[in-house]
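Work out the full structure: start from the sequences and follow the hints.
There are 2 protein chains.
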Amino acid sequence: MASAEILSIGTELLLGQVLDTNSQFIATELAKLGIDSFFRTTVGDNVARIKEVFQTALRRADIVIATGGLGPTADDLTHECIAELFGVEMVFDEAVFERIKSLFASLKYKMPESNRKQAFRPAGAQILPNPAGTAPGIIWKIDKQECNRIRAKPPKTILTFPGVPRELKAMWHETAAPFLSQNYSEGVTWSRELKHYGIGESALAEKYAHLLALPSPTVAPYAGRWECRLRVTAKAPTVESAMALAKPVIDEIMRDSGTLCYGLDDETLESVVGDLLTKTGKSLAVAESCTGGLVSERLTDIPGSSNYIKLNVVSYANEAKQELLGVSEEVLAAHGAVSAESAEQMAKGIKKLAKSDLGLSVTGIAGPTGGTPEKPVGLVYLGLAANDFYTGKELRLPSRLSRADIRLRSANEALNMVRLFLLEWAVPSAETSR
Amino acid sequence: MASAEILSIGTELLLGQVLDTNSQFIATELAKLGIDSFFRTTVGDNVARIKEVFQTALRRADIVIATGGLGPTADDLTHECIAELFGVEMVFDEAVFERIKSLFASLKYKMPESNRKQAFRPAGAQILPNPAGTAPGIIWKIDKQECNRIRAKPPKTILTFPGVPRELKAMWHETAAPFLSQNYSEGVTWSRELKHYGIGESALAEKYAHLLALPSPTVAPYAGRWECRLRVTAKAPTVESAMALAKPVIDEIMRDSGTLCYGLDDETLESVVGDLLTKTGKSLAVAESCTGGLVSERLTDIPGSSNYIKLNVVSYANEAKQELLGVSEEVLAAHGAVSAESAEQMAKGIKKLAKSDLGLSVTGIAGPTGGTPEKPVGLVYLGLAANDFYTGKELRLPSRLSRADIRLRSANEALNMVRLFLLEWAVPSAETSR
Numbered sequence: 001m002a003s004a005e006i007l008s009i010g011t012e013l014l015l016g017q018v019l020d021t022n023s024q025f026i027a028t029e030l031a032k033l034g035i036d037s038f039f040r041t042t043v044g045d046n047v048a049r050i051k052e053v054f055q056t057a058l059r060r061a062d063i064v065i066a067t068g069g070l071g072p073t074a075d076d077l078t079h080e081c082i083a084e085l086f087g088v089e090m091v092f093d094e095a096v097f098e099r100i101k102s103l104f105a106s107l108k109y110k111m112p113e114s115n116r117k118q119a120f121r122p123a124g125a126q127i128l129p130n131p132a133g134t135a136p137g138i139i140w141k142i143d144k145q146e147c148n149r150i151r152a153k154p155p156k157t158i159l160t161f162p163g164v165p166r167e168l169k170a171m172w173h174e175t176a177a178p179f180l181s182q183n184y185s186e187g188v189t190w191s192r193e194l195k196h197y198g199i200g201e202s203a204l205a206e207k208y209a210h211l212l213a214l215p216s217p218t219v220a221p222y223a224g225r226w227e228c229r230l231r232v233t234a235k236a237p238t239v240e241s242a243m244a245l246a247k248p249v250i251d252e253i254m255r256d257s258g259t260l261c262y263g264l265d266d267e268t269l270e271s272v273v274g275d276l277l278t279k280t281g282k283s284l285a286v287a288e289s290c291t292g293g294l295v296s297e298r299l300t301d302i303p304g305s306s307n308y309i310k311l312n313v314v315s316y317a318n319e320a321k322q323e324l325l326g327v328s329e330e331v332l333a334a335h336g337a338v339s340a341e342s343a344e345q346m347a348k349g350i351k352k353l354a355k356s357d358l359g360l361s362v363t364g365i366a367g368p369t370g371g372t373p374e375k376p377v378g379l380v381y382l383g384l385a386a387n388d389f390y391t392g393k394e395l396r397l398p399s400r401l402s403r404a405d406i407r408l409r410s411a412n413e414a415l416n417m418v419r420l421f422l423l424e425w426a427v428p429s430a431e432t433s434r
Numbered sequence: 001m002a003s004a005e006i007l008s009i010g011t012e013l014l015l016g017q018v019l020d021t022n023s024q025f026i027a028t029e030l031a032k033l034g035i036d037s038f039f040r041t042t043v044g045d046n047v048a049r050i051k052e053v054f055q056t057a058l059r060r061a062d063i064v065i066a067t068g069g070l071g072p073t074a075d076d077l078t079h080e081c082i083a084e085l086f087g088v089e090m091v092f093d094e095a096v097f098e099r100i101k102s103l104f105a106s107l108k109y110k111m112p113e114s115n116r117k118q119a120f121r122p123a124g125a126q127i128l129p130n131p132a133g134t135a136p137g138i139i140w141k142i143d144k145q146e147c148n149r150i151r152a153k154p155p156k157t158i159l160t161f162p163g164v165p166r167e168l169k170a171m172w173h174e175t176a177a178p179f180l181s182q183n184y185s186e187g188v189t190w191s192r193e194l195k196h197y198g199i200g201e202s203a204l205a206e207k208y209a210h211l212l213a214l215p216s217p218t219v220a221p222y223a224g225r226w227e228c229r230l231r232v233t234a235k236a237p238t239v240e241s242a243m244a245l246a247k248p249v250i251d252e253i254m255r256d257s258g259t260l261c262y263g264l265d266d267e268t269l270e271s272v273v274g275d276l277l278t279k280t281g282k283s284l285a286v287a288e289s290c291t292g293g294l295v296s297e298r299l300t301d302i303p304g305s306s307n308y309i310k311l312n313v314v315s316y317a318n319e320a321k322q323e324l325l326g327v328s329e330e331v332l333a334a335h336g337a338v339s340a341e342s343a344e345q346m347a348k349g350i351k352k353l354a355k356s357d358l359g360l361s362v363t364g365i366a367g368p369t370g371g372t373p374e375k376p377v378g379l380v381y382l383g384l385a386a387n388d389f390y391t392g393k394e395l396r397l398p399s400r401l402s403r404a405d406i407r408l409r410s411a412n413e414a415l416n417m418v419r420l421f422l423l424e425w426a427v428p429s430a431e432t433s434r
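Protein chains in written order, with our numbering: chain A, 1 to 434; chain B, 1 to 434.
Hints should not be assumed to be uniformly reliable.
Pairs of lysine-lysine residues, derived as DSS-like cross-links and limited to a Cα-Cα distance of at most 27 angstroms, are as follows [said to hold, decoys possible]:
1. K51/A with K117/B
2. K310/A with K51/B
3. K355/A with K352/B
4. K352/B with K101/A
5. K207/A with K110/B
6. K101/A with K207/B
7. K207/B with K310/A
8. K108/A with K207/B
Away from chain B, derived, C-beta distances all over 10 angstroms, residues of chain A [stated by the list, open to error]:
9. T11
10. D143
11. I199
12. A205
13. W226
14. K235
15. E240
16. G293
17. V295
18. D301
19. S306
20. Y316
21. A340
22. K352
23. P368
Treat the hints as calculated values from the structure; they're not laboratory data. From a predicted model like this one, the values you see are computed outputs, not experimental measurements. Positions of the beta carbon are idealized from the N, C-alpha and C atoms, including for glycine.
Encoded structure:
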């Protein structure tokens with residue numbers, strides 16, 4: 001089995017100014033490809049030390065994957081260090097330079113002189129194209145002679161990426177992953193995440209203790225931000241055989257979790273709600289207060305959401321709740337804007353205003369100020385109105401939570417409320433009506 | 001100046017199943033103490049490899065700080081590896097064991113037999129107490145004789161922590177930081193970030209090339225998500241002297257960057273806009289289409305935003321734009337919903353609807369579908385209306401950007417538009433009127 005080492009290059013990483021999420025991404029991707037990884041090293045923008053970690057990594061691993069240090073500034077040194085280590089020249093790549101120039105031209109910016117530096121690569125290395133930015137990386141399959149120079153056993157491969165996560169990911173998926181898969185992958189590791197909402201990690205682990213004890217496929221629980229995931233991982237020679245190995249376990253979890261399992265892998269509460277709205281042909285409108293647009297933003301983050309979202313309102317002030325949504329003077333006076341009654345009028349009001357099938361409301365106190373003994377920070381009311389249906393929910397979130405966490409948790413609960421409604425009510429009726 | 005190396009121990013880190021935030025925490029804390037850090041290594045739960053990284057780190061650095069591998073299970077090996085490396089016994093610590101037992105008793109749990117393992121420490125090492133969990137770490141000032149065994153130059157110090165971030169932080173603040181400060185700290189490292197919007201990293205680096213070349217204070221550029229930061233870092237015996245050292249450089253950048261520099265350190269575009277709205281006593285209302293609530297969500301993420309935000313509208317459908325915001329049939333027919341004309345009517349319409357001082361609008365095509373040759377994905381119009389003022393802006397973002405990126409970039413531009421307006425127009429007039 002081939003092994004890879006990840007090198008993260010940048011003083012900002014060493015100083016803790018930037019959190020290294022790139023290494024995690026690459027590590028996960030390597031695991032999928034069935035490539036081992038035993039060490040990972042972070043080093044600052046220093047020639048001697050960068051060379052030292054490359055040398056060490058190249059002796060230990062078949063593949064060395066470096067991120068960072070490809071920018072246009074003087075402290076971006078990765079390619080220079082690789083060239084020095086192997087005693088090769090840096091050569092100017094005309095095609096890369098043209099690409100950088102045209103990128104600046106398309107953005108109508110003047111190309112700074114410093115970007116010229118990004119068109120150089122160590123002689124012998126291939127360019128690893130960057131579809132999302134100016135800095136390309138390299139893929140270098142290093143031959144025997146060059147390996148001898150650093151006393152490493154050939155063959156070795158170096159891949160480099162810029163530190164910008166978006167660019168790195170684009171380069172990985174487009175070029176690096178196919179390259180590694182073709183050259184190094186022995187068998188595959190296939191995994192599927194079963195995302196749960198409304199059950200804690202320990203409860204989930206207890207429920208599926210018998211699966212967590214399996215040697216193959218492996219099942220592991222992960223706690224997220226008020227959600228939990230069960231990851232089922234199978235190793236086999238092909239994707240098909242790995243999937244077949246995992247299938248009985250996945251089927252069992254999906255059956256036993258029921259609606260607690262809201263989706264798979266990259267699915268989110270909002271994407272699942274979007275799918276259900278599309279499937280049922282229903283439209284949704286949101287009136288939110290304490291979440292300030294978060295529910296709307298998440299729902300509309302899904303491509304095609306304009307098919308089921310026409311209008312959402314962020315009604316921060318009472319006046320907006322009254323005038324636009326028709327929350328009554330009486331309800332505001334008797335119960336206040338943060339109340340079950342207000343949530344109900346908001347949900348019904350936005351449904352009417354937007355002429356939608358469903359109206360969803362969120363009103364609460366996100367803090368850090370604005371709480372009272374009767375209505376503390378963390379008190380949130382949700383409402384969901386359909387033509388002949390209304391349901392409300394009161395959340396009493398811990399007031400020690402941050403404003404951002406109260407907003408996030410409230411939005412999750414609101415989205416989950418719509419999901420459960422559509423699953424339990426709208427989907428069967430839609431199917432019946434076929 | 002003393003140097004430290006951080007070792008992160010755990011196969012879950014190598015596989016990318018867990019993001020290593022502990023290293024970032026420790027790195028930031030070391031920088032505050034003025035302790036250098038040149039390498040950081042991650043290794044899995046494997047005796048030979050853990051010993052190898054300890055040996056390498058102890059040769060290079062004065063202090064080695066390890067996290068992880070202190071749990072009760074068989075793959076928690078950190079202390080065992082340290083003992084093996086130095087050829088010392090593992091000794092049972094009665095006081096630690098009593099503490100673990102009493103912790104379980106207080107939680108009314110039966111102590112699993114496996115937790116007994118956590119009461120062992122390498123002979124010669126002191127216990128680093130864990131106020132927040134069962135696993136203590138160690139502080140070990142290693143003497144000459146033991147350093148000789150691994151051919152490292154004395155004195156060396158090892159500190160170990162469990163991988164649970166909450167426990168690590170408690171131990172750090174209570175014991176490790178005071179210990180390091182007393183034994184190793186030579187002055188402090190103080191830094192400030194100057195956040196820029198509307199200038200690229202290379203252009204910023206070019207503009208301040210003379211500052212980037214300074215040996216002290218150091219100035220370094222970082223590219224973020226369509227923003228750039230200049231970080232000024234000064235090392236000195238005290239915080240006061242470090243700040244004094246950095247001040248002339250910070251003053252120069254703030255003067256020369258002008259409105260390109262939007263804020264410092266933790267400030268965001270939305271927090272700066274919030275401060276300016278508060279300072280000028282103006283209120284703002286947002287009508288957004290392609291950003292789907294993102295501008296609203298960011299503005300209301302700021303505590304106290306209910307003082308200047310009363311109502312925002314996400315007008316996804318044309319009908320909503322017409323009925324609620326008063327975008328005219330004629331404009332929609334002649335120019336479409338994504339047009340400068342529509343943005344203007346949206347901005348003026350939301351201002352009127354919300355009775356606010358300022359009305360901000362965003363309408364565009366976030367993709368991935370919905371683009372045409374005339375109106376491609378990435379075409380976005382912004383509008384900002386005040387009583388006697390209107391300004392519009394057309395963005396032609398690269399259509400290769402993701403939906404999320406187009407939304408993010410559009411929201412940044414919209415927030416920056418409000419910022420510049422308030423800075424250049426509202427703030428001076430508000431000051432004149434005093």
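So, going through the hints one by one against the coordinates:
1. Restraint check for K51/A and K117/B: the C-alpha separation of about 40 angstroms exceeds 27 angstroms, so the hint is violated.
2. Taking the CA atoms of K310/A and K51/B, the gap is near 61 angstroms; set against the 27 angstroms cutoff, the hint is violated.
3. Distance restraint check for K355/A and K352/B: the Cα-Cα separation of roughly 22 angstroms lies within the 27 angstroms cut-off, and the hinted pair is therefore satisfied.
4. A distance of roughly 45 angstroms separates the Cα atoms of K352/B and K101/A; the hinted pair therefore is violated under the 27 angstroms criterion.
5. With a CA separation close to 21 angstroms, the supplied pair K207/A and K110/B stays within the 27 angstroms bound.
6. For the given pair, K101/A sits about 20 angstroms from K207/B by alpha-carbon distance, which is consistent with the 27 angstroms threshold.
7. For the suggested pair K207/B and K310/A, the alpha carbons sit about 46 angstroms apart, so the restraint of at most 27 angstroms is broken.
8. Taking the CA atoms of K108/A and K207/B, the gap is about 19 angstroms. The hint holds against a cut of 27 angstroms.
9. A Cβ of chain B approaches the Cβ of T11/A within 10 angstroms, the least distance being about 7 angstroms, so the stated non-interface status is violated.
10. Non-interface call for D143/A relative to chain B: holds, since the shortest CB-CB distance, roughly 28 angstroms, exceeds 10 angstroms.
11. The claim that I199/A is not at the interface with chain B holds, since no C-beta of that chain comes within 10 angstroms of its own (minimum 20 angstroms).
12. Here A205/A stays apart from chain B, with its beta-carbon at least about 15 angstroms from theirs, past the 10 angstroms limit.
13. Every beta carbon of chain B lies more than 10 angstroms from that of W226/A, the smallest distance being close to 17 angstroms; the non-interface claim holds.
14. Here K235/A stays apart from chain B, with its beta-carbon at least about 13 angstroms from theirs, past the 10 angstroms limit.
15. With a least beta-carbon separation of about 23 angstroms from chain B, E240/A lies farther than 10 angstroms from that chain, consistent with its non-interface assignment.
16. Not every C-beta of chain B lies more than 10 angstroms from that of G293/A, the closest at about 3 angstroms, which undercuts listing it as non-interface.
17. Remark: the non-interface label on V295/A conflicts with the geometry, its nearest Cβ contact in chain B lying 7 angstroms away (cut-off 10 angstroms).
18. Chain B draws D301/A into its interface by the beta-carbon criterion, the shortest separation being 7 angstroms against a cut-off of 10 angstroms.
19. A beta-carbon of chain B comes within 10 angstroms of the beta-carbon of S306/A; the shortest separation is about 5 angstroms.
20. Its closest Cβ contact with chain B, about 5 angstroms, brings Y316/A to no more than 10 angstroms, contrary to its assignment away from the interface.
21. Look at A340/A: its CB is around 21 angstroms from the nearest CB on chain B, clear of 10 angstroms, so calling it non-interface holds up.
22. Here K352/A stays apart from chain B, with its beta-carbon at least about 12 angstroms from theirs, past the 10 angstroms limit.
23. With a cut of 10 angstroms on Cβ distances, P368/A falls inside the contact zone with chain B, its closest approach being about 6 angstroms.
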